[in-house]
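One-letter residues, chain by chain:
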Amino acid sequence: MATIKDKYAIVGIGHTDYSLNSGRSELHLALEAITAAIEDAGLGFKDIDGIVGDHPSRVDAMTIGSALGLRDFGFFIETDFAGGGVPGGLLHAIAGIEAGRATSVVCYKSLNGSSKLTLPGFSFAAEPHELGFTRPFGLLAPAAYAALAARRHMHQYGTTSRQFGAIAVACRKHANRNPNAIMYGESMTIEDHQDSKMIADPLRLYDCYVEADGAAACVVTSAERAKDLRQWPVCIMAAGQACVPCLSRWTKDPTVNENETSYLARQLFSMAGLVPADVDVLQVYDDFTPLVLMAIEDMGFCSKGEGGPFVEGGRVVWPDGKLPLNTSGGNLSEGCIDGFNHVIEAVKQLRGTSTAQVKDAEVAMVCGATGVPTSGLILRR
Amino acid sequence: MPYLPMPPPLPYVESEGFWEGCKRRELVIQRCKDCGTYRHPPIPMCPACQSWNWEGTKVSGRGRVEGFTIVTRAVFPGMPAPYNVVRVELEEQDGLLILGNVIGCHPDEISIDMPVKVTFEDVTPEITMYYFEKAA
Amino acid sequence: MWCDWCAHERAHPKEVKIMPYLAGLPVPESHVDYEEFWQGCRRHELVIQRCKDCGWYRHYPRPLCPKCYSWNAEWSKVSGKGKVWSWTIITHPIHPALDDMVPYNLVEIELIEQEGLRLISNLIDCKPEEIYIGMPAEVVFEEVNPEITLPRFKRTS
Amino acid sequence: MDTIRDKTAIVGIGWTKFGSMKRPLPESQYTLACQAIKAAIDDAGLTLKDIDGIMRFSSDSNDPVRLADSLGLNLRFFGKSMYGGGGGCACVAQAAAAIHAGLANYVVAFRALSQSQEVAFGHFAGRFAERRGIPGPMGWTIPFGLMSPAQGAAITASRHFHLYGTTSQHLGNIAVAERKHANQNPNAFFYDRPMTLEDYMNSPMIAAPLRLFDCCQESDGACAVIVTSVERAKDLKQRPVYIMAAAQSGIWYPNSVNLLDKIPDIVEDETWHLARALYRMAKIAPKDVDVAEIYDHFTIHVLCALESLGFCKKGEGGPFTEGGRLEWPDGELPLNTSGGHLSEAYIHGFNLIVDGVRQLRATAPAQVKDAEIVLCASGNAVPTSGIILRR
Numbered sequence: 062m063a064t065i066k067d068k069y070a071i072v073g074i075g076h077t078d079y080s081l082n083s084g085r086s087e088l089h090l091a092l093e094a095i096t097a098a099i100e101d102a103g104l105g106f107k108d109i110d111g112i113v114g115d116h117p118s119r120v121d122a123m124t125i126g127s128a129l130g131l132r133d134f135g136f137f138i139e140t141d142f143a144g145g146g147v148p149g150g151l152l153h154a155i156a157g158i159e160a161g162r163a164t165s166v167v168c169y170k171s172l173n174g175s176s177k178l179t180l181p182g183f184s185f186a187a188e189p190h191e192l193g194f195t196r197p198f199g200l201l202a203p204a205a206y207a208a209l210a211a212r213r214h215m216h217q218y219g220t221t222s223r224q225f226g227a228i229a230v231a232c233r234k235h236a237n238r239n240p241n242a243i244m245y246g247e248s249m250t251i252e253d254h255q256d257s258k259m260i261a262d263p264l265r266l267y268d269c270y271v272e273a274d275g276a277a278a279c280v281v282t283s284a285e286r287a288k289d290l291r292q293w294p295v296c297i298m299a300a301g302q303a304c305v306p307c308l309s310r311w312t313k314d315p316t317v318n319e320n321e322t323s324y325l326a327r328q329l330f331s332m333a334g335l336v337p338a339d340v341d342v343l344q345v346y347d348d349f350t351p352l353v354l355m356a357i358e359d360m361g362f363c364s365k366g367e368g369g370p371f372v373e374g375g376r377v378v379w380p381d382g383k384l385p386l387n388t389s390g391g392n393l394s395e396g397c398i399d400g401f402n403h404v405i406e407a408v409k410q411l412r413g414t415s416t417a418q419v420k421d422a423e424v425a426m427v428c429g430a431t432g433v434p435t436s437g438l439i440l441r442r
Numbered sequence: 004m005p006y007l008p009m010p011p012p013l014p015y016v017e018s019e020g021f022w023e024g025c026k027r028r029e030l031v032i033q034r035c036k037d038c039g040t041y042r043h044p045p046i047p048m049c050p051a052c053q054s055w056n057w058e059g060t061k062v063s064g065r066g067r068v069e070g071f072t073i074v075t076r077a078v079f080p081g082m083p084a085p086y087n088v089v090r091v092e093l094e095e096q097d098g099l100l101i102l103g104n105v106i107g108c109h110p111d112e113i114s115i116d117m118p119v120k121v122t123f124e125d126v127t128p129e130i131t132m133y134y135f136e137k138a139a
Numbered sequence: 004m005w006c007d008w009c010a011h012e013r014a015h016p017k018e019v020k021i022m023p024y025l026a027g028l029p030v031p032e033s034h035v036d037y038e039e040f041w042q043g044c045r046r047h048e049l050v051i052q053r054c055k056d057c058g059w060y061r062h063y064p065r066p067l068c069p070k071c072y073s074w075n076a077e078w079s080k081v082s083g084k085g086k087v088w089s090w091t092i093i094t095h096p097i098h099p100a101l102d103d104m105v106p107y108n109l110v111e112i113e114l115i116e117q118e119g120l121r122l123i124s125n126l127i128d129c130k131p132e133e134i135y136i137g138m139p140a141e142v143v144f145e146e147v148n149p150e151i152t153l154p155r156f157k158r159t160s
Numbered sequence: 002m003d004t005i006r007d008k009t010a011i012v013g014i015g016w017t018k019f020g021s022m023k024r025p026l027p028e029s030q031y032t033l034a035c036q037a038i039k040a041a042i043d044d045a046g047l048t049l050k051d052i053d054g055i056m057r058f059s060s061d062s063n064d065p066v067r068l069a070d071s072l073g074l075n076l077r078f079f080g081k082s083m084y085g086g087g088g089g090c091a092c093v094a095q096a097a098a099a100i101h102a103g104l105a106n107y108v109v110a111f112r113a114l115s116q117s118q119e120v121a122f123g124h125f126a127g128r129f130a131e132r133r134g135i136p137g138p139m140g141w142t143i144p145f146g147l148m149s150p151a152q153g154a155a156i157t158a159s160r161h162f163h164l165y166g167t168t169s170q171h172l173g174n175i176a177v178a179e180r181k182h183a184n185q186n187p188n189a190f191f192y193d194r195p196m197t198l199e200d201y202m203n204s205p206m207i208a209a210p211l212r213l214f215d216c217c218q219e220s221d222g223a224c225a226v227i228v229t230s231v232e233r234a235k236d237l238k239q240r241p242v243y244i245m246a247a248a249q250s251g252i253w254y255p256n257s258v259n260l261l262d263k264i265p266d267i268v269e270d271e272t273w274h275l276a277r278a279l280y281r282m283a284k285i286a287p288k289d290v291d292v293a294e295i296y297d298h299f300t301i302h303v304l305c306a307l308e309s310l311g312f313c314k315k316g317e318g319g320p321f322t323e324g325g326r327l328e329w330p331d332g333e334l335p336l337n338t339s340g341g342h343l344s345e346a347y348i349h350g351f352n353l354i355v356d357g358v359r360q361l362r363a364t365a366p367a368q369v370k371d372a373e374i375v376l377c378a379s380g381n382a383v384p385t386s387g388i389i390l391r392r
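Protein chains in written order, with this note's numbering: chain F, 62 to 442; chain P, 4 to 139; chain S, 4 to 160; chain L, 2 to 392.
What the hints contain is simulated information worked out from the structure, not anything from laboratory work.
Be aware that a few hints might be false.
The list that follows gives simulated cross-link-like pairs (lysine to aspartate or glutamate, EDC-like), each with its CA atoms no further than 16 Å apart [what the hints assert, rightly or not]:
1. S:Lys80 x S:Asp103
2. F:Lys177 x P:Glu94
3. L:Lys238 x L:Glu373
4. F:Lys234 x F:Asp67
5. P:Lys137 x P:Glu94
6. S:Lys84 x S:Glu116
7. S:Lys70 x L:Asp44
8. F:Lys68 x L:Asp3
9. P:Lys61 x P:Glu95
One-sided excerpt, in silico: chain P residues whose CB lies under 8 Å from chain F [stated by the list, open to error]:
10. Leu13
11. Tyr15
12. Val16
13. Glu29
14. Val31
15. Pro47
16. Met48
17. Pro50
18. Ala51
19. Gln53
Only some residues are given here: those of chain F computed to face chain P with a beta carbon under 8 Å [said to hold, decoys possible]:
20. Leu81
21. Asn82
22. Leu88
23. Phe106
24. Thr124
25. Ser127
26. Leu129
27. Thr179
28. Leu180
29. Gln328
Every residue, glycine too, gets a C-beta built ideally from N, C-alpha and C.
Start from the sequences, fold in the hints, and give me the full structure.
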C-alpha cells in the first residue's frame with residue numbers, strides 16, 4: 062500500500078518576531094516568515110509552486126503568490142480548524158507533491174492575534190447556527206469550553222489545578238530561554254500560577270495561551286530533493302489528520318477513550334512504526350493547560366486519567382525531564398501562532414538549534430489541538 | 004457628497020498612505036524603490052522584484068477608462084441606479100489599474116479609452132474619496 | 004453528594020446574580036434545523052430530536068442519526084430533569100454585555116433520558132460555591148423576548 | 002514526474018433536488034449536504050463507514066465535525082479549497098491526491114448551498130451598507146459600487162467587446178445552448194422554459210453589457226462525488242470514471258481586486274496555465290475533448306475559458322460560439338449539457354462535475370453519443386482548477 066513515510070522533508074523554516082503589537086499586517090508578517098523559510102532552505106522564490114494556507118486566514122495564496130512574483134502556482138489548499146489544522150497543512154502539501162502537482166510547497170500561518178490590526182473581512186460561509194445553543198448562556202470564549210472539560214477531568218480523576226500549573230510552569234521555563242518568546246523575561250513559579258486571577262473556573266490566567274502577533278512558515282519538499290538543499294533535512298516520518306463523531310458538540314468529554322487525538326496518535330505511530338516511548342521531544346498545542354494534559358493521555362504517553370501525575374515532578378521539563386514538552390514555550394509562553402510555532406520548534410530540535418535543546422533529540426512529535434478536528438506529525442533527524 | 008451611499012473604506016496598514024494622500028487631494032500610488040514598478044492595491048512586497056522597499060509616489064491622476072459597467076439593477080434597496088463603475092489605467096505604467104467612478108458624466112458618454120483625471124470629495128472627517136472625471 | 008475535588012479546587016467569587024440571567028447576549032437566530040427546539044421552549048417544553056428508528060436522542064439537531072444512519076427523526080418532549088455534568092464560573096467578561104454580569108455560572112447538564120445527552124445552560128438559583136458535579140437540576144424557561152425563550156436550570160433535591 | 006493520471010476514479014455521484022430564490026428548498030444546507038453525500042455513497046454501493054476523507058469548499062459551513070456527527074464518519078483526511086467557484090475541481094483533485102498518497106481510501110468531495118437561507122451571492126454586499134466602513138481590500142471595490150460578481154464580470158465583458166469585437170449575441174449563444182440542454186433535464190430549474198436568442202436579447206440589463214440571462218442563478222441544493230483508487234473502483238457498483246488529470250492554477254495578478262473583474266487582455270491567464278497542466282498530465286489535446294463542462298458564473302467567463310482552454314484562439318471566443326457549435330446533440334463541443342449554472346442550478350461547479358460523470362456513464366439527460374473524454378474547468382477570474390475525466 063502507498064505510504065508517505067520518510068518520503069518528504071521540512072527543508073526550510075522561517076518566522077517573525079512574536080509580539081503583542083507588531084504594527085504590521087498579517088500579510089506583511091506572512092511574507093516575512095515565508096521569504097525567511099524559502100531563504101533558509103536555500104531556494105529561490107520562484108522554486109515555490111505550492112502554497113498551503115490555514116484557517117482562519119486573512120492572507121490568501123493568490124496574494125502571497127503575486128507578491129512572490131510567481132507566474133503560475135499549481136497547488137493551493139487550506140486546512141481546517143485553527144489549532145487543529147496546522148500540522149495537517151503539511152499533510153496536504155505532501156499529498157500535492159505526491160500527486161505530481163507541486164515540487165516545493167510553502168505552508169504558513171500569520172496572525173494579528175494580539176493587536177487585531179488586520180480586521181476580518183467578509184465570509185460567504187454562514188456562521189454555525191449551533192451557536193444558538195451556547196452563546197445565549199454565556200459560552201463564548203474558548204476558555205469556557207476548556208474550563209468545562211477541565212472541571213470534568215478534575216472530578217473524574219482527581220486532577221488538580223497545580224497539575225495544570227505544572228504544564229504552564231514548564232512552558233514558561235522553556236520560554237525563559239527563548240528570546241523570541243513573549244514571556245522571555247518573565248519567570249513563573251507554581252505559586253505565581255496559583256495566584257494568577259481566575260478566568261473561567263478552574264482556569265486561571267496562566268492556564269491560558271498568550272495572544273500574539275507573528276507568523277511562521279516552512280517549506281516541504283521530497284526527501285530526494287532535500288538532499289541537495291542547504292539545511293539538514295528534517296524527515297517527515299508520519300503525518301495525519303483526525304476527526305471523529307463527538308456526538309455532543311459542546312465540550313471535550315475527557316472520559317471518552319476513542320476521540321480525535323487517540324485516532325490521530327494511532328495513525329501516526331502506526332505510519333512511523335514507533336511507540337510513544339520513542340519520542341524524544343513533544344510539541345502539543347497548548348491553548349489551555351488542561352487540554353494539553355488530556356492530549357498527552359489520548360496520545361498514549363500515559364493512561365487515561367493519569368495525565369495529572371504524569372506532568373508533575375519535572376517529567377515534561379527541559380533539560381532533565383524524560384519527555385520535554387513545548388520547548389520553545391508554546392502558545393502558553395512563546396505566543397500563539399496557532400500551533401505553527403510548535404512545528405518550527407520541532408524542526409529546530411531536530412536540527413540541534415533549539416534554545417532549549419534536548420540532547421541527541423532524534424524523534425519529535427507535533428500534535429494539534431484536541432477537542433476539535435486535529436492533525437499531527439512525527440519528525441526525525 | 005459621496006457618489007454612492009455606501010460606507011467609506013476603512014484604511015488598513017498598507018492602505019493608510021493612500022487615503023492620507025487623498026485627504027491632501029493627491030493620488031499616491033505605492034512604488035518600488037528598487038525597480039520603480041508601481042503597484043495597486045498596495046501590498047508589502049514588490050511583485051516584480053520582491054523588494055520590501057517602497058514609497059508612496061504622487062501620480063498625475065490622469066489615465067483612460069480600461070473597462071467599465073453601467074449598473075442598471077442595484078443589488079440592495081437604497082442604491083441608486085443606473086450608476087457607473089470604471090477601471091482606469093493610470094498613465095504612469097501599462098496595466099496600472101485602479102477602480103473608481105466617473106462623476107459628472109452621463110452613462111452614455113462613458114467609453115473605453117476615454118481620458119479621465121482624478122478628483123476628490125471629502126465624505127467623512129476621516130476619508131476623502133477619489134473619483135474620476137472626464138478629461139480633455 | 005459533594006465532589007471533594009470540586010470543593011477543594013473551587014474559587015469563591017463574591018456574589019451571584021439571579022434572573023434575568025445574562026441579559027444582552029446574542030439570542031439564537033431562527034433556523035430551519037432548530038426551529039422545533041425553540042418552539043418547544045416557547046411552549047415551556049424541552050423537546051429534543053430523537054431517532055424514530057433506534058430511539059437515540061441527539062442534540063444539537065442534525066439530519067441523520069449517527070448511530071443507525073436513519074433519516075427518520077421526531078421531536079420528543081423530555082422530562083427536563085438532569086444533573087450537572089460539568090460547570091465553570093466565568094470571571095473574565097469577553098462580551099460587552101457581560102461586563103456587569105461576571106461572575107456567572109455556566110453548566111453542562113446531562114439529561115436523565117440518555118447518557119451523554121447534554122446541553123449548555125445556566126443554573127439560576129445557585130451561588131457558585133453551591134454548584135457541584137452530579138447536582139440534580141431541572142429545566143425552567145426564561146422568556147427573553149416574544150420570539151425567544153431560553154431553557155435554564157434550577158436545582159432540585 | 003510521477004502523476005496521478007488514471008490512478009483514481011469517481012465511483013459515486015449524488016445530488017439533491019435543486020431550488021432557487023423563487024422556489025426555495027425547505028431543507029437546510031446541512032441536510033442538503035448529508036442528502037447528496039449519502040446519495041453518492043449509495044450510488045457507489047458503499048456504506049458510510051467506508052468514507053474516511055472529506056474535501057469541501059472553504060465557504061461551506063458543513064465542516065468535518067458536522068458531517069462526522071451526523072454521518073457517523075471517522076475521518077483521516079479533510080481540507081478546503083479556496084476561491085469559491087474556482088475551487089470545485091480542486092476538491093476532487095485533492096481527494097485524488099489523498100487517495101494516491103495512501104492517506105485515505107474513499108474521499109467525498111461535495112458542495113452544499115442554501116442561498117435562500119444563508120448568503121445570496123449576488124446580494125452579499127448589502128450586508129456592508131450599515132457598517133461604519135469597509136474593511137480590508139474590499140474597500141477598493143464596495144465603496145465604488147462594485148458589489149456583485151455580475152458587475153465585475155461586466156467590466157471584463159466591456160473590455161472583451163472592445164478588444165475583440167465580441168457582441169451580446171455571442172454571449173447569448175452560450176446562454177441559449179445551455180438553456181436548450183436544460184430543456185432535456187427534468188431536474189433543471191429552466192426545464193420547461195425554452196429560450197431563443199431574441200428572448201435573451203430582451204432580458205433586462207443587469208450591469209451593462211451583461212443581461213439577466215448572462216448570469217448564473219442563485220440556488221439551493223447539493224452535489225457530491227466519491228473518489229477512490231482504480232483498484233478499489235473495480236469491485237464497486239458503477240462503471241468507474243477515471244481521473245486522467247487534475248490540476249489547479251493561480252497566477253501573478255497584481256491589479257485584480259478579485260471580484261471577477263478579469264483582465265481579458267492577458268493571454269496566459271489562470272485557465273491557460275490550468276489547461277497546459279491538464280493536457281500535459283492527461284496526454285491529450287483540446288480536440289480530444291467530447292464534452293466541456295465549463296464553469297459558467299457568467300457567459301463572458303465561459304467565452305474567456307473557451308479561449309484559454311485552447312478550443313479557439315485568444316479573442317476568437319465570440320465567433321466560436323456561433324453555428325450551434327456548443328449545442329447538443331450535433332455541435333462539435335457540447336457545453337454544460339445539464340443546463341449548467343445558467344439554466345440547471347448553481348451548485349458552485351459541482352453539478353457540472355456530476356453531469357460530466359453522467360456523460361461518461363452514458364446516463365446524462367442530454368447524452369452525447371459515445372462521449373469518452375470530458376473536461377471540467379472550475380471558475381476563472383480567480384485562482385482555478387480543473388479535471389479531465391474518461392470512460
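Hint check results:
1. Note on Lys80 (chain S) and Asp103 (chain S): the hinted pairing is violated, with a Cα-Cα distance of about 35 Å set against a maximum of 16 Å.
2. Between Lys177 (chain F) and Glu94 (chain P) the alpha-carbon distance is near 37 Å, which puts this suggested pair outside the 16 Å criterion.
3. Taking the CA atoms of Lys238 (chain L) and Glu373 (chain L), the gap is about 20 Å. The hint is violated against a cut of 16 Å.
4. Among the hinted pairs, Lys234 (chain F) with Asp67 (chain F) is inconsistent with the structure: their alpha-carbon atoms are about 33 Å apart, more than 16 Å.
5. For the proposed pair Lys137 (chain P) and Glu94 (chain P), the alpha carbon gap of about 15 Å is at most 16 Å, so the pair holds.
6. A C-alpha spacing of about 8 Å is found between Lys84 (chain S) and Glu116 (chain S), which places the hinted pair at or below 16 Å, so the restraint holds.
7. The suggested pairing of Lys70 (chain S) with Asp44 (chain L) is violated, with an alpha-carbon distance near 21 Å, which exceeds 16 Å.
8. Of the pairs offered as hints, the one joining Lys68 (chain F) and Asp3 (chain L) holds, with about 14 Å between alpha carbons and a cut-off of 16 Å not exceeded.
9. Only pairs whose Cα atoms come within 16 Å are accepted, and Lys61 (chain P) paired with Glu95 (chain P) is accepted, the gap being roughly 10 Å.
10. At a threshold of 8 Å, the smallest CB-CB gap from Leu13 (chain P) to chain F is about 7 Å, leaving the interface hint in force.
11. Hint status for Tyr15 (chain P): holds, given a least beta-carbon distance of 6 Å to chain F, under 8 Å.
12. For Val16 (chain P), the interface hint holds, the least distance from its beta-carbon to any beta-carbon of chain F being 4 Å, beneath 8 Å.
13. A least Cβ separation of about 23 Å between Glu29 (chain P) and chain F goes past the 8 Å threshold, and the interface hint is therefore violated.
14. A least Cβ separation of about 18 Å between Val31 (chain P) and chain F goes past the 8 Å threshold, and the interface hint is therefore violated.
15. Proximity of Pro47 (chain P) to chain F holds as hinted, the smallest CB-CB distance being about 4 Å (cut-off 8 Å).
16. Satisfaction of the interface hint for Met48 (chain P) is found here, the shortest Cβ-Cβ separation to chain F being roughly 4 Å, below the 8 Å cut-off.
17. Against a cut-off of 8 Å between C-beta atoms, the interface hint on Pro50 (chain P) holds, since the closest Cβ of chain F lies about 5 Å away.
18. The closest approach between the C-beta of Ala51 (chain P) and any C-beta of chain F is roughly 7 Å, which is under the 8 Å cut-off, so the hint is satisfied.
19. Hint status for Gln53 (chain P): holds, given a least beta-carbon distance of 6 Å to chain F, under 8 Å.
20. Because the beta carbon of Leu81 (chain F) sits about 16 Å from the nearest beta carbon in chain P, more than 8 Å, this interface hint is broken.
21. Checking Asn82 (chain F) against chain P by beta carbon gives a least distance of about 12 Å; that is not within 8 Å, so the hint is violated.
22. Hint status for Leu88 (chain F) relative to chain P: holds, with the closest Cβ pair at about 6 Å, below 8 Å.
23. Checking Phe106 (chain F) against chain P: minimum C-beta separation of about 6 Å stays under 8 Å; hint holds.
24. Because the closest C-beta pair between Thr124 (chain F) and chain P is about 7 Å apart, less than 8 Å, the hint holds.
25. Because the closest C-beta pair between Ser127 (chain F) and chain P is about 5 Å apart, less than 8 Å, the hint holds.
26. Proximity of Leu129 (chain F) to chain P holds as hinted, the smallest CB-CB distance being about 7 Å (cut-off 8 Å).
27. Nearest Cβ of chain P to the Cβ of Thr179 (chain F): about 7 Å, under the 8 Å cut. The hint holds.
28. Of the supplied interface hints, the one on Leu180 (chain F) holds, with its beta-carbon coming within about 7 Å of a beta-carbon of chain P, less than 8 Å.
29. The beta carbon of Gln328 (chain F) comes no nearer than 38 Å to any beta carbon in chain P, farther than 8 Å, and the hint placing it at the interface is violated.
The earlier numbered hints that this structure contradicts are 1, 2, 3, 4, 7, 13, 14, 20, 21 and 29.
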